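Given these sequences and hints, build the entire structure.
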Amino acid sequence: MGRELKKGTKGPNSKYITRTKAIRKLQISLNDFRRLCILKGIVPREPPSRKKANHGNTAPTSFYHVKDITYLAHEPIIAKLREHKIFLRRMSRAMGKQEWGRAKALEESRPRYTLDHIVKERYPTFIDALRDIDDALCCVVLGASLSQHRRIPKADLDDCARLAAEWQLYVTHTRSLRKSFLSIKGVYYQAEVQGENVTWVEPYQFLQKIPMDVDFRVMRSFLEFYKTLLGFVFYKLYTDAGLVYPPPLDVKKEAAGSGVDAYRLQPVGGAPVDQEETKTTGKKKVELGGGKVLTGRQVQKAIVSMEVDGEETEEVEGNPKDVAAPLATAKAVPTSTQALDTDTLPSTEEFIAQPSKTDPSTSSTLLTLHALANLPNSNTKLFEPYVFFVSRESPRHILEFVIRSFGGVVGWPASCGGGSPIESEDDERVTHVIIDRPLPEGGVLSEGRRRRKYVQPQWVVDSVNAGKVLLEDAYAQGRTLPPHLSPFGAEGEGAYDPLAPVPGMEEALREVDEEMEDDEEDSEDDDDMEMEEEKEEEKTKKRHRRGKKAAASAVNVSNPTDADAVRKAELEAERLGIEPAEFDKVLEKAAKNKNRDVEEEEGDDEDDEEPKKIETTKGASEENMAKMLLSSKKRKLYNLMKRTNARKEEEKVKLQKKKIEIAKQKKKSGR
Amino acid sequence: MAPKLPASSKGSHRPAKRKAESEPKANRVEPSEEWTGFGGEGEGIEMASDEEETGESAESSDAEEFPEIDPVSSGEGEEEEEEEDTSETGSEEDDDSAKDEEEEDGESGQEEDGVEPPPGDSALMGEGLKWDRKPGSYPNPKVIKSSITGEAKKVYPPIEPEYDSDSSTEDDPNRVGRIPMHWYDDLPHIGYDINGKRILRPAKGDELDKFLAAVEDPTSWMSGFDHTSQKDTQLTEEELDLIRRLQDAEVPDASYNPYEDTVEWFTGEGKQEIMPLTARPEPKSRWQPSKWEKQKILKIVRLIRAGHIVPNKPKAKQPQWYSLWSTEAETSRPPPLVAPKVPLPKHAESYNPPEEYLPDQDEIDKYEDLSDDEKVKKYLPKKYDALRHVPAYEHFIHERQNRLLDLYLAPRIRRVKLHINPDSMLPSLPSPQSLRPFPVFEALKMSGGGGSRARCVSVSPDGVWTVSGDEDGVVRLWETFVGREAARWKLGKRIGAVEWCPRKDVSYFLVGIEDEIFAFMPPYLSPAMESATLDVLVPRNPPPPIGEEGEKPVKWSQESLSFKQSASTFSSPPLVVTLPPTAGLPKQITFHRRGDYFATVSSAEGHNAIWIHQVSKRHSQSPFKKIKGFIQRVLFHPNKPHFFVATQRYVSIYDLSAQKLLKTLYTGSRWVSSMDIHPTGDHLIVGGYDKKLMWFDLDLGNKPYKVLRYHTKAIRSVAFSPNYPLFASSSDDGTIQIFHARVYSDLMTDALIVPLKVLRGHVVTEGLGVMELKWTTGLGTCWLVSAGADGEVRVWCN
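Top line first, the protein sequences correspond to chains A and B.
Residue numbers for the first sequence follow the numbering used here, beginning at 3 and rising by one.
Residue numbers for the second sequence follow the numbering used here, beginning at 20 and rising by one.
These aren't lab readings, by the way, just hints derived from the structure by calculation.
Model, not experiment: these values are computed from the prediction.
Check the hints yourself; a few may be wrong.
[To be verified] Distance condition first, Cα-Cα at most 27 Å in a straight line; then the derived DSSO-like pairs of lysine-lysine: (1) A:LYS656 x B:LYS396; (2) B:LYS310 x A:LYS211; (3) B:LYS679 x B:LYS571.
And the structure:
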């Protein structure tokens with residue numbers, strides 16, 4: 003016998019402590035503790051038994067794992083926080099005594115801390131970090147859209163705006179945007195970066211009303227971490243794309259309101275790239291700013307890119323001396339994913355599967371790079387042939403971002419900000435004008451208008467989501483738009499899909515038709531004829547569906563003893579391609595089962611229904627029996643699952659019913 | 020308050036008045052206070068209200084302290100003393116006062132000679148006399164001729180009270196002081212004046228008079244009720260002004276100036292302090308430069324010159340961003356669990372959703388009725404015909420904040436989400452056909468006719484005979500298939516248990532009555548069987564006794580063979596086992612599977628309750644020296660040397676060969692009534708008087724695998740069918756319940772228990788239902804025999 007253990011010192015529940023105790027152990031304030039938890043990503047844990055973990059107390063508290071707290075206790079930031087506290091005390095004393103020199107010296111030696119090591123701890127590899135930047139991006143994008151507020155320092159907002167712009171720039175540059183969705187909450191974007199889907203939401207550009215009950219301390223703590231995280235992630239992304247991070251800011255452009263364009267992408271060791279110029283030069287002028295000294299490395303790079311990028315080389319061919327031109331374009335950077343043009347992939351990379359001699363059936367075929375590049379979903383050159391002009395009432399920042407991410411050139415009126423590559427709507431290059439105004443009454447289409455397409459903004463987003471350029475007519479100016487669906491898929495298996503056909507829709511519409519027909523007496527006969535034809539058609543279709551044998555029996559069942567009918571059936575069978583021997587068999591069978599079959603045919607529906615009912619009641623009782631045998635825990639789970647499924651099904655049915663109703667209404671009003 | 024100035028009441032006021040004039044203000048009031056201790060009642064000396072209560076006692080104590088207080092007898096000496104005191108204290112007084120003293124001396128001497136001024140005289144002093152007052156000096160007394168005595172006397176001028184003197188109360192004609200005036204409520208007067216005369220209560224008019232007076236009197240607004248005089252008194256201008264000042268929170272004293280000019284005493288021109296505070300000479304360090312500082316500075320200068328210290332050196336700036344992930348992670352600690360991502364938006368969130376997503380009016384109303392917490396979705400789908408009409412989303416910041424709060428406040432748990440069809444969770448039920456056969460109807464009803472309760476029942480191993488015992492002490496033997504009573508033994512004592520020997524080659528049964536166990540043989544046995552049975556029960560040469568000779572607690576006695584040759588005609592038992600006299604009624608007899616051993620449980624407490632008997636060796640033993648609790652049931656394991664003992668709450672399993680406790684099962688029942696073991700020996704059912712039936716899987720643990728609560732009254736008996744996967748329980752609610760119990764040999768599959776049938780038929784009498792039930796074994800049937808409290812034995816068939 004060892005020493006008697008004190009109660010609550012052993013077992014799984016002894017590994018948890020309450021927040022108050024954790025704070026006491028760390029000897030920091032609650033605010034600092036919260037901040038530290040946010041920075042370090044320490045979250046409360048759920049002990050196996052709350053009561054036991056809190057020594058019999060059931061008051062609502064949050065628990066932390068002892069190991070998490072010891073981990074926090076070793077955090078160097080805690081020491082920095084304490085130093086900062088002392089610094090503040092000294093500073094206030096110096097200020098109070100009006101010792102300015104001392105205050106200045108203190109300010110210079112102010113304790114600062116960085117969060118680099120925390121980012122590394124929380125995300126040991128880059129891909130971990132990339133997977134978890136959704137929230138960071140959302141937070142930063144929200145910060146970028148906020149106006150100044152007394153509770154948020156301006157520096158934070160500026161950082162947010164910078165990071166958001168850098169991210170947009172990167173996505174545009176690598177053309178990694180995949181999906182976009184205009185929701186009532188804001189605009190959702192999904193980009194695919196290094197194989198990871200990154201989704202973020204951007205509010206519509208309005209003045210955000212900042213609610214009073216928002217805790218900005220929490221938000222700022224998160225932002226503090228997110229800024230560091232995004233900084234490092236962007237650094238890695240930019241560096242991998244051969245770009246300098248952070249991209250230099252063009253102050254003039256920023257002042258002119260050109261938005262994202264104010265930041266210029268700069269290749270590593272190269273001159274800054276002007277996004278707009280490269281876009282336009284892709285078509286027109288392939289020129290380089292005069293008097294640039296080319297290094298040998300740049301030339302080499304250019305040559306590589308010429309080999310790789312077929313399109314670019316073609317364009318460059320017109321002016322072969324300007325070897326730096328493709329370099330200047332963002333696409334030319336070989337690390338960019340877009341640079342992998344499939345047509346120019348070297349033939350040596352062809353992988354030919356060698357079938358096994360012993361077992362020919364087992365041949366594993368893997369997707370090669372070539373195949374991957376040819377997958378239909380990665381159509382990032384969607385808008386390359388087009389030039390867009392965004393009219394002033396359309397949201398420029400959204401459209402600019404989306405169109406550019408798919409290779410299009412965008413212009414906007416000067417009232418929306420400076421730096422537009424296209425001055426006016428009447429520019430000859432413009433192929434599409436994105437307009438969100440109703441059609442003016444009695445407006446005459448000018449020559450220019452007829453040449454250009456006038457579409458509503460939804461067209462851009464729908465085209466992107468569809469992966470192809472949709473027909474513009476449905477989205478033309480002033481038209482009622484087709485519904486805008488989420489590209490992120492339905493809710494799950496068996497959920498309602500607005501595009502799927504609804505069972506019973508045709509019947510409902512037919513009913514409406516019949517009602518209408520009753521009203522219209524004139525065309526009665528024609529309709530009847532049509533109806534009969536339709537019915538016959540349906541019958542034949544059914545036969546095809548069932549298969550030949552079934553069809554033959556269906557033909558025969560009607561009256562197997564009648565000679566004429568048999569004859570007819572024979573002909574029919576021949577027509578369907580049934581062999582005579584088989585036909586005879588079927589005939590015999592049919593003769594045998596004549597009576598029963600006839601009965602069956604007559605009372606088909608009724609007979610079917612009754613056994614079903616019995617079956618269902620039987621099933622219910624058996625289910626109840628089986629449920630009784632489950633343990634109560636499993637029974638609860640079973641019931642929960644059943645309920646959830648039933649609720650989903652109910653929702654689905656409700657939506658389907660609604661859809662049928664709406665279709666009926668429309669049809670009625672349409673006639 | 021101890022009086023310091025002992026003096027006679029007669030000459031009291033004079034020195035007091037003199038002092039008041041000559042001494043500083045603070046002392047001036049004191050005499051009046053000091054006098055109060057003497058409390059001369061007629062003197063009208065002011066008395067504090069709280070001293071009034073202790074007045075008498077104080078008086079008496081004072082009288083003790085100063086027994087010579089009598090003014091007539093001992094006035095003089097003390098007067099002198101007093102005067103010495105005053106002369107001492109007032110030593111710095113001017114000559115005038117010294118003169119006064121002298122004069123006083125003379126005066127007092129005069130007075131003591133018998134000149135007694137009338138009591139009221141002092142109040143009247145100075146009336147009608149004029150005093151020429153010079154500022155800064157006290158007017159001299161005037162000598163007048165007393166109107167009473169006709170002699171000359173000095174009259175001093177009245178004291179003119181200053182602001183902080185206590186004279187305000189002296190003006191009051193009512194001298195009762197600050198006492199609660201309701202003390203005088205029942206008296207015709209309201210107090211006493213300075214001369215000790217009663218002041219009569221002023222007339223108090225009725226309300227009308229008051230009102231009229233108030234109307235007539237223009238100054239009524241500035242008058243208030245004075246408690247001491249018990250009438251309305253008009254406030255003076257000064258008092259009104261004082262009230263106004265107090266109301267306006269001003270300084271009450273009109274003459275006080277709160278903003279007086281500062282008087283510069285030590286500052287300003289020509290008033291500076293010239294003298295130093297200390298005479299200490301100034302230290303040298305004040306003007307001599309420090310040597311050590313100089314050395315230190317020189318050192319720094321040297322270092323700077325040598326280039327070791329570079330002042331204002333710009334710090335090496337590390338780049339803010341660098342390739343963080345180019346090096347390996349330092350900590351081996353696993354990173355925190357990644358939070359789940361926010362679900363992606365659905366079609367319903369679109370700014371232009373398909374129309375079927377739009378809520379109708381009912382849904383909108385319902386949604387708006389919900390509180391914020393109840394809303395699953397924070398938005399309602401809405402359709403906008405153009406993108407430019409879409410407003411800002413009002414909950415955007417809130418949603419983001421909630422997400423952030425989730426990120427740092429919500430515990431993260433990796434939950435396994437089941438993506439299965441719920442129907443796959445249901446166990447595959449056996450088809451109802453596969454559960455047959457089981458007893459479904461009552462085939463026979465065998466009634467003893469006596470109406471007394473059938474306590475116990477047992478069925479022979481071949482199923483032909485059923486034996487039952489009732490409370491009247493009658494044992495009946497029935498033919499199971501036809502229900503005929505074949506034999507009857509009247510034992511005349513309460514029967515506790517009957518049990519048939521499970522051996523197939525012999526046929527006898529045991530009956531337990533008070534302290535005795537009888538072995539009986541059924542009639543109509545085949546000769547071979549009969550002889551075999553007799554060999555067992557009444558062997559020709561009995562086995563030698565085991566162990567030492569002496570008093571054995573259990574006695575075996577048998578009939579001599581010569582006495583009866585044909586066993587079928589036995590009316591008395593061939594074999595009797597006599598239990599020790601303290602054992603009581605045997606409640607249960609249970610055989611080991613082989614039929615050689617049987618155990619009995621008696622109603623006694625302690626080790627005498629259980630006896631294990633061996634028939635072949637005529638030997639009995641009590642397996643437990645000491646046993647805790649009240650033994651309910653015992654059982655032999657069918658194929659292991661294990662012994663189950665059910666006490667009131669627990670079932671203990673003993674290994675008889677190793678002689679140790681193997682396991683204790685916690686039934687969870689409050690009172691175990693019955694117990695049976697599955698033929699395979701791996702499962703045990705226990706019935707309790709608290710309506711529960713516990714199924715134990717002996718491999719699983721010591722808690723019940725299943726607890727079945729289907730009976731509405733106490734369970735009396737439980738039994739496993741020996742050859743079918745069935746078990747039955749009987750209860751005081753008069754029912755027998757049949758269960759299907761399929762046991763799988765593999766350890767993974769749990770036993771399947773299906774309630775099959777409730778058999779009703781026994782009548783509940785006096786709160787007792789079916790007392791015992793037994794399954795029949797032979798002939799491939801699964802029949803059930805039950806003994807009811809209604810005195811009937813019933814057979815249930817499939």
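The hints, checked one at a time:
1. Among the hinted pairs, LYS656 (chain A) with LYS396 (chain B) is consistent with the structure: their alpha-carbon atoms are about 18 Å apart, no more than 27 Å.
2. Straight-line distance between C-alpha atoms of LYS310 (chain B) and LYS211 (chain A) comes to about 67 Å, which puts the hinted pair past the 27 Å bound.
3. Pair hint LYS679 (chain B) plus LYS571 (chain B) holds up; C-alpha atoms about 25 Å apart against a cutoff of 27 Å.
Violated hint for the displayed structure: number 2, the only one.
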